[in-house]
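Peer 1: Let chain A serve as the given structure and place chain B with the ligands on it in line with the hints.
What follows is each chain in one-letter form.
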Amino acid sequence: MIKIEHVSKSYGDIKAVDDVSLKIDDGEIFGIVGYSGAGKSTLLRTINQLEKVDEGVIDIDGVDITKLDIKALREKRRKIGMIFQHFDLLWSKTVLDNIAFPLELIKVDKETRREKAKEVAKRVGLEDKLDVYPSTLSGGQKQRVAIARALISEPNILLSDEATSALDPKTTDDILELLKKINKEYQITIVLITHQMEVVQKICHRLAVMADGKVIEDGRVDDIFKDPKQDLTKKLIQTVDTGLDVEKMAIDLKAKYPEGHLLRLTFDQKSSGEPILYEVGNKLHIPFNIVSANIKNTQVGPLGVMYIHIEKRHDIAKIIEELQKDEVKVEVI
Amino acid sequence: MFFEPFIETIYLTIVPLLFSCVFGFIIGTLIFIGTSSILERKSKPITIISKICDGLVNILRSIPYLILIVWMLPITNFLTGSVIGTKAAVPALVVSATPFFARMVTIAFSEVDHGVIEASKAMGASTFDIITKVLIPESKPALVSSITVTAINLVSYSAMAGAIGAGGLGFEAYQYGLARRDESLMFIATILIVIIVFAIQIIGDKTVKKLDKRGG
Ligand SMILES: Nc1ncnc2c1ncn2[C@@H]1O[C@H](COP(=O)(O)OP(=O)(O)O)[C@@H](O)[C@H]1O
Ligand SMILES: [Mg+2]
Numbered sequence: 000m001i002k003i004e005h006v007s008k009s010y011g012d013i014k015a016v017d018d019v020s021l022k023i024d025d026g027e028i029f030g031i032v033g034y035s036g037a038g039k040s041t042l043l044r045t046i047n048q049l050e051k052v053d054e055g056v057i058d059i060d061g062v063d064i065t066k067l068d069i070k071a072l073r074e075k076r077r078k079i080g081m082i083f084q085h086f087d088l089l090w091s092k093t094v095l096d097n098i099a100f101p102l103e104l105i106k107v108d109k110e111t112r113r114e115k116a117k118e119v120a121k122r123v124g125l126e127d128k129l130d131v132y133p134s135t136l137s138g139g140q141k142q143r144v145a146i147a148r149a150l151i152s153e154p155n156i157l158l159s160d161e162a163t164s165a166l167d168p169k170t171t172d173d174i175l176e177l178l179k180k181i182n183k184e185y186q187i188t189i190v191l192i193t194h195q196m197e198v199v200q201k202i203c204h205r206l207a208v209m210a211d212g213k214v215i216e217d218g219r220v221d222d223i224f225k226d227p228k229q230d231l232t233k234k235l236i237q238t239v240d241t242g243l244d245v246e247k248m249a250i251d252l253k254a255k256y257p258e259g260h261l262l263r264l265t266f267d268q269k270s271s272g273e274p275i276l277y278e279v280g281n282k283l284h285i286p287f288n289i290v291s292a293n294i295k296n297t298q299v300g301p302l303g304v305m306y307i308h309i310e311k312r313h314d315i316a317k318i319i320e321e322l323q324k325d326e327v328k329v330e331v332i
Numbered sequence: 000m001f002f003e004p005f006i007e008t009i010y011l012t013i014v015p016l017l018f019s020c021v022f023g024f025i026i027g028t029l030i031f032i033g034t035s036s037i038l039e040r041k042s043k044p045i046t047i048i049s050k051i052c053d054g055l056v057n058i059l060r061s062i063p064y065l066i067l068i069v070w071m072l073p074i075t076n077f078l079t080g081s082v083i084g085t086k087a088a089v090p091a092l093v094v095s096a097t098p099f100f101a102r103m104v105t106i107a108f109s110e111v112d113h114g115v116i117e118a119s120k121a122m123g124a125s126t127f128d129i130i131t132k133v134l135i136p137e138s139k140p141a142l143v144s145s146i147t148v149t150a151i152n153l154v155s156y157s158a159m160a161g162a163i164g165a166g167g168l169g170f171e172a173y174q175y176g177l178a179r180r181d182e183s184l185m186f187i188a189t190i191l192i193v194i195i196v197f198a199i200q201i202i203g204d205k206t207v208k209k210l211d212k213r214g215g
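Protein sequences, first through last, are from chains A and B. With numbering that gives the first Met the number 0 as the guide, the letters of the first sequence map in order to residues 0 to 332. With numbering that gives the first Met the number 0 as the guide, the letters of the second sequence map in order to residues 0 to 215.
If we strip away everything but chain A, and leave its shape as in the complex, we get (with noise of 0.2 angstroms):
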């Protein structure tokens, strides 16, 4: 378990991160979102001690890595994988000498760390690369070979600092798939940064929002997703359910239904979707259009936001009641 408690880090006048408490538990996928300058950067680097606290602990199993010597933190940090936006492969050396290049640094012989290095890119789907350099290889192949290289010593932990953030869209699919794919298999903890709340929704369980280098706000990724309390977190959620601008969303539906109620609906896993509408629509015999609706899957269930419209004529607050004992969310727009 790494226990983020009450960490602090500023440079100059800026407080990049400002008394930060969090609890990231053992094969959890853990996602800190926020805008640019937020501080998660910062705060993913002090769990490897890249960047040094000023204040707080960072406990992982039991021992607080701040205070540990160099020697030791090295050793701590052999355990703790991380990649990153621009993959930071050594141009200079093939595949699979930058996959074996962490067990180089510990003197493994060559043959040994080659052999290892060629089970590992098999597992990433790389075997076929082994002997080019890093030039000749793809933003995901690049992010492949750097996920293989922080897998070789075998780590507890895995930070990624925006790791699909120069990839398009299918390829951080696949890399998200993959790492997902880790976190099963290998049970290792992987924290990552992102300011796509696409990439949270995908593969985390939990997540935390940051802004101006705090924590405003974390949970179970369905909790959030579906109430989210803080401004800045509805924002970021709006920008993964439809795909779409939401307030666009809801003017462009208005102008297509000037007359009626038009209600949008957030469903989970415990309220799953359609059923319970047509239950409910049956139920008070009050028809309904679905006018638009998109289900996505993250890894805690399936998360669900439609928007209906319904005749001016009937009556909205029973159809509101039922749904919301039926735990789902509704508001009218």
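Some clues are possibly wrong.
Stretch-level coverage of chain A by chain B, calculated; a stretch enters the list once three of its residues show a Cβ under 8 angstroms from a Cβ in chain B [stated by the list, open to error]:
#, region
1, 87-93
2, 98-107
Subject to a maximum C-alpha distance of 20 angstroms in a straight line, what follows is the list of computed EDC-like cross-link-like pairs (lysine to aspartate or glutamate) [to be verified]:
#, chain 1, residue 1, chain 2, residue 2
3, B, Lys212, A, Asp130
4, B, Lys139, A, Glu103
5, A, Lys109, B, Glu3
6, A, Lys106, B, Asp128
7, A, Lys66, B, Asp181
8, A, Lys70, B, Glu39
9, A, Lys78, B, Asp128
10, A, Lys51, B, Glu3
11, B, Lys43, A, Asp68
The set of hints was computed from the structure by calculation and includes no laboratory data. Backbone N, C-alpha and C fix where the C-beta goes; we use that ideal spot for every residue, glycine too.
Peer 2: This is chain B with the ligands only, laid out in the frame that chain A set:
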């Protein structure tokens, strides 16, 4: 007739180059360790040594070579047992080329991508690991370019070393051209110098190209 001066020029390039590369590499690395913000745990002594090296490099680089030769006469005498001749030109050439090469090494290291150094630190690399396993391999093309430029500088400096009887093609060109007014011989000597410089440049460029796997 130009065979001996030709050999002397080669000697005055290669021997000082070897010394300058070794000393310059050590000094340049020390300066980098002391000044780079990206390496961790800097011991006080290293920082101080690094500062001294940095100052020394700046001073030595601003002293004209001919003046350096004169100033170094006692040291040259002590090291080579003489103040004139080809061998006697070597110490002053080393002292003039070393700071230049040291500066190039520092620059080459500081141009290595910071992300890669950070990533290596995250993998548990020590400062020594970073220098030997990251900085040197990742800056190899820049280092080879630096060696090339230093060698070419040495060729032209070696001509000035003629002033203390070091011989070499430069001195020959000067003698024929200025003293004896035999312009065709001066021309030949000059052409030979140009050929040497071109040869060094071509070998250097080829090596850089071969080492550079960055693509694009
Ligand atoms: N090395 C540094 N020196 C000075 N300021 C920094 C440094 N690193 C980060 N900052 C500042 O700290 C704040 C948080 O940065 P960062 O952690 O990189 O945010 P994020 O990763 O969320 O974009 C920003 O205002 C940034 O300018
Ligand atoms: Mg960042």
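Peer 1: Is the hinted pair Lys109/A and Glu3/B satisfied, with a Cα-Cα distance of at most 20 angstroms?
Peer 2: violated, 48 angstroms
Peer 1: Please verify whether Lys106/A and Asp128/B have alpha carbons no more than 20 angstroms apart.
Peer 2: holds, 11 angstroms
Peer 1: Run the distance test for Lys70/A versus Glu39/B: straight-line Cα separation, threshold 20 angstroms.
Peer 2: Distance ~12 angstroms between Lys70/A and Glu39/B Cα, so the pair holds.
Peer 1: Between Lys139/B and Glu103/A, is the straight-line Cα distance small enough, at 20 angstroms or below?
Peer 2: holds, 19 angstroms
Peer 1: Under the criterion that the straight-line Cα-Cα distance not exceed 20 angstroms, is the pair Lys212/B, Asp130/A satisfied?
Peer 2: holds, 12 angstroms
Peer 1: Report holds or violated for chain B covering the region 98-107 of chain A, Cβ cut-off 8 angstroms, minimum 3 residues.
Peer 2: holds (count 5)
Peer 1: At least three residues with a C-beta closer than 8 angstroms to a C-beta of chain B: is that true for the region 87-93 of chain A?
Peer 2: Answer holds; 6 residues pass the 8 angstroms Cβ test.
Peer 1: Is it true that the CA of Lys66/A sits at most 20 angstroms from the CA of Asp181/B?
Peer 2: violated, 77 angstroms
Peer 1: Taken at face value, is the distance from the CA of Glu3/B to the CA of Lys51/A at most 20 angstroms?
Peer 2: violated, 62 angstroms
Peer 1: Taking only the CA atoms, is the gap from Lys43/B to Asp68/A under or equal to 20 angstroms?
Peer 2: holds, 17 angstroms
Peer 1: Are the Cα positions of Lys78/A and Asp128/B separated by 20 angstroms at most?
Peer 2: holds, 18 angstroms
Violation of the numbered hints given earlier is confined to hints 5, 7, 10; the remaining hints are satisfied by the structure.
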